[in-house]
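Each chain is listed here by its residues.
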Amino acid sequence: MNDYALEIKNLKVIFPNEAGIVRAVEGVNLNLQKGECVALVGESGCGKSVTSLASMNLLTSPPAIVRAEDIRLCGESILGLPDKKMQAIRGKRISMIFQDALSSLNPVMTVGKQIDEIFKRHSKIKRSEARRKSIELLKLVGVPDAETRYKAFPHELSGGMRQRVLIAMAFACEPEVIIADEPTTALDVTIQAQVLEVLKNMCRMKSTALLLITHDLSVVANMADRVYVMYSGKIVEAAETYPLFTNPLHPYTKGLMASVAGIDDEAGSTFVQIPDTLPNPMRKPQGCYFNPRCKYATEKCKEAMPPLKTLDNGRQIRCWLCAENSN
Amino acid sequence: MNKFYVLKRILYTLFIFAVVVTLCFLIPRLGVEDPCSRYYPAQGNMTDEQFEYIKELTRQQYGLDGSVWSQFIRYIGELFSGNLGTSYQSGNPKVLDLIADRLPWTLTLSITNLLISLVIGVIIGTYCASKRGRWQDKTLLNASTITTAVPAFFIALLLSFYFGFQWEIFPAYTDQNLVSSFGWNWESISAVAYNAALPVISMVIGGIISYAQSTRDSVIAVSNENFIITARAKGVSNSAVLYKHTLRNALLPIVTNVGMSISGLIGGSVVIEQIFNWNGIGTLFLEANNTNDYPLMMGIMIFTSAFALVANLVTDLCYSLLDPRVSLGGRR
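From first to last, the protein sequence lines stand for chains C and U.
Going by our numbering, the residue at position 252 of the first sequence is 252; the numbering climbs one at a time, nothing skipped.
Going by our numbering, the residue at position 33 of the second sequence is 33; the numbering climbs one at a time, nothing skipped.
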């Protein structure tokens, strides 16, 4: 039962405002086994980041209202923990890597100080010891000349270095779970590959469970053991990476896969696009949220939201059509 | 620090100073009245020629003979040797001595004002930022609308009327023996505080609210930054997030504000000083103005602007110590 490093049960997040209620996350179930890398993919605005922030209790409420059946970290419930207790867990047992490394680092503090801060907060060690460990960490994530970089300010580092610093910070206390929220979107492709490599190696070395939030399918293929596909606040498909890429079931996942440029694509061939955009979170369509954009949509799809159905091979899917086909 | 940037900044400051000196010299001379007229003796039974001669002697005595250009050259020469000239006041005191006598009184008012405004303003601003959108925050917004619209001298007049004349809680006019009887003892100092109460309060009201408003805006802007979430995700406690991450960044623009206030420390309270008859530079300047005392007017203007320029220069150079991103002219 307690095999999961992180288990999110029926998470709901809403943001009420004057114009109405934004249902950002609608009953997401998600789990990570120890040492596993799980990707959460979806378009911008589908609720991926909100899910991650909510599970770390980092959403400010008001305005956010967070409800869940349970959120468990290695079997212990961390849902609704008081601020003080949650602070002791954050950074130590579950930590986070953010996407825009420049704005995610304090501009007036040296990166060394910012890493030290975690040691100071979570383990009672001397300043000199914290410094030694920080430099060691920087070396570990592949920052060259770590002693000098330790004293650098964020703006003095390159984008890739800054992202490595964020990774170093996340791994500082060797947490059980790391949530990486689009860790490579702000980087160019070569640096992206290096940073992913660092992330992958670190996870393997420390056997950390990684929840990778991204919209970049190449990153998913490269990193993840399992994938959750999210659409408009709901999980629409969950599967292991290989079967998902070779045989996507949900029309939305199919659309995502088709929209990726392949190496075998003929020159001049056009991308297949998913028409239209995400529904307005305040006025989601009746029935399946994807139906206005789905070319297979039937009358049934316009009437009722399909349940998330678990297939015999363990795959999960939220679609009337696929559920019928597989039976 | 980049030496070239510092040098450039200093040269620029000197250039501005030269412009200021020229303007300070020219502006009083645009007046139509002959500044010496009040010092000429009555013509009596002198012939016009004799009277002209007497007038010329008088002008020489006051340094107003010859063309404006030659006066300017003379003035600049004196300025280089650190001499701001002699006042036309009886006894012909040195301008610099007059300023030195009055300066501590003005600084007493303005520094007290700055410190109180800054400290209380930052505290209130930070508090209101944490109560964003609630009644405390809204009160601050309304108060700042009012104090921006109502000038300090109006507040001063109200205070003077009610607290000074109606209820007689504080003196509406500064006690004129305050200066002559001053000594470094408790009695004198408390007398100064008592007399300074109304002028300081009238400046401090606007000051506190303006610092509170800018602190509040700045704190809110910074707390929406990504690095604040990073800090919270590291498990940093709320108070450490506030002091080490939010305030450290939010107070950067406040330092600029303080720098600008410092440049106004001498010249900023002319009207308030006049209302409460406070024995400072502002009152001295008005006296000089009313008696066409050119050297004194120029002296005060030049001294005030030199102070402002130096204050700005120092603020600029200090800023790089606080914000590492400002690398003085950009090394890259």
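Hints listed in this document are in silico derivations from the structure and should not be mistaken for laboratory results.
Where hints are given, some of them may not hold.
Stated by the list, open to error - Residues on chain U that point at chain C, a partial pick, calculated with CB under 7 Å: (1) 91; (2) 92; (3) 94; (4) 232; (5) 234; (6) 235; (7) 236.
What the hints assert, rightly or not - Okay, derived cross-link-like pairs now, PhoX-like style, lysine-lysine, Cα gap no bigger than 25 Å in a straight line: (8) U/244 - C/124; (9) C/151 - U/131; (10) U/3 - C/84; (11) U/131 - C/120; (12) U/131 - U/244; (13) U/3 - C/151; (14) C/92 - U/244; (15) C/151 - C/139; (16) C/85 - U/244; (17) C/126 - U/131; (18) U/3 - C/133; (19) U/3 - C/85.
As the list claims (entries may be wrong) - Footprint (simulated), chain U over chain C, 3 or more residues, beta carbon under 8 Å: (20) 34-47; (21) 276-282.
Note that CB positions come from ideal geometry on N, CA and C, so glycine has one too.
Now the hints, each set against the structure:
1. Proximity of residue 91 of chain U to chain C is violated relative to the hint, the smallest CB-CB distance being about 55 Å (cut-off 7 Å).
2. Because the smallest distance between the Cβ of residue 92 of chain U and any Cβ of chain C comes to about 54 Å, over 7 Å, the interface hint for this residue is violated.
3. Taking 7 Å as the C-beta contact cut-off toward chain C, the hint placing residue 94 of chain U at the interface is violated, the least distance being around 47 Å.
4. Interface restraint check: residue 232 of chain U against chain C, minimum CB-CB distance 6 Å, threshold 7 Å, status holds.
5. Taken as an interface hint, residue 234 of chain U checks out: its beta carbon lies about 4 Å from the nearest beta carbon of chain C, inside 7 Å.
6. Hint on residue 235 of chain U holds. Least Cβ distance to chain C is approximately 3 Å, under the 7 Å limit.
7. Annotation: interface hint on residue 236 of chain U holds; nearest CB of chain C at approximately 6 Å, less than 7 Å.
8. Our distance criterion of 25 Å between C-alpha atoms is met by residue 244 of chain U and residue 124 of chain C, whose separation comes to about 19 Å.
9. As the CA atoms of residue 151 of chain C and residue 131 of chain U are separated by approximately 36 Å, the hinted pair breaks the 25 Å bound.
10. Distance restraint check for residue 3 of chain U and residue 84 of chain C: the Cα-Cα separation of roughly 48 Å exceeds the 25 Å cut-off, and the hinted pair is therefore not satisfied.
11. Using a Cα cut-off of 25 Å, the hinted pair residue 131 of chain U and residue 120 of chain C is violated, with the two alpha carbons roughly 29 Å apart.
12. Our distance criterion of 25 Å between C-alpha atoms is met by residue 131 of chain U and residue 244 of chain U, whose separation comes to about 20 Å.
13. Simply put, residue 3 of chain U and residue 151 of chain C have alpha-carbon atoms about 23 Å apart, close enough for the 25 Å limit, and the pair holds.
14. Between residue 92 of chain C and residue 244 of chain U the alpha-carbon distance is near 20 Å, which keeps this suggested pair within the 25 Å criterion.
15. Of the pairs offered as hints, the one joining residue 151 of chain C and residue 139 of chain C holds, with about 14 Å between alpha carbons and a cut-off of 25 Å not exceeded.
16. Between the alpha carbons of residue 85 of chain C and residue 244 of chain U the distance comes to roughly 20 Å, so the proposed pair stays at or under 25 Å and holds.
17. Our distance criterion of 25 Å between C-alpha atoms is broken by residue 126 of chain C and residue 131 of chain U, whose separation comes to about 36 Å.
18. Between the alpha carbons of residue 3 of chain U and residue 133 of chain C the distance comes to roughly 37 Å, so the proposed pair goes past 25 Å and is violated.
19. The suggested pairing of residue 3 of chain U with residue 85 of chain C is violated, with an alpha-carbon distance near 50 Å, which exceeds 25 Å.
20. Counting residues of the segment 34-47 of chain C whose beta carbon lies closer than 8 Å to any beta carbon of chain U gives 0, which falls short of the minimum of three for the stated coverage.
21. Counting residues of the segment 276-282 of chain C whose CB lies closer than 8 Å to any CB of chain U gives 0, so the stated coverage by that chain is violated, three being the minimum.
In summary, the numbered hints that this structure violates are 1, 2, 3, 9, 10, 11, 17, 18, 19, 20, 21.
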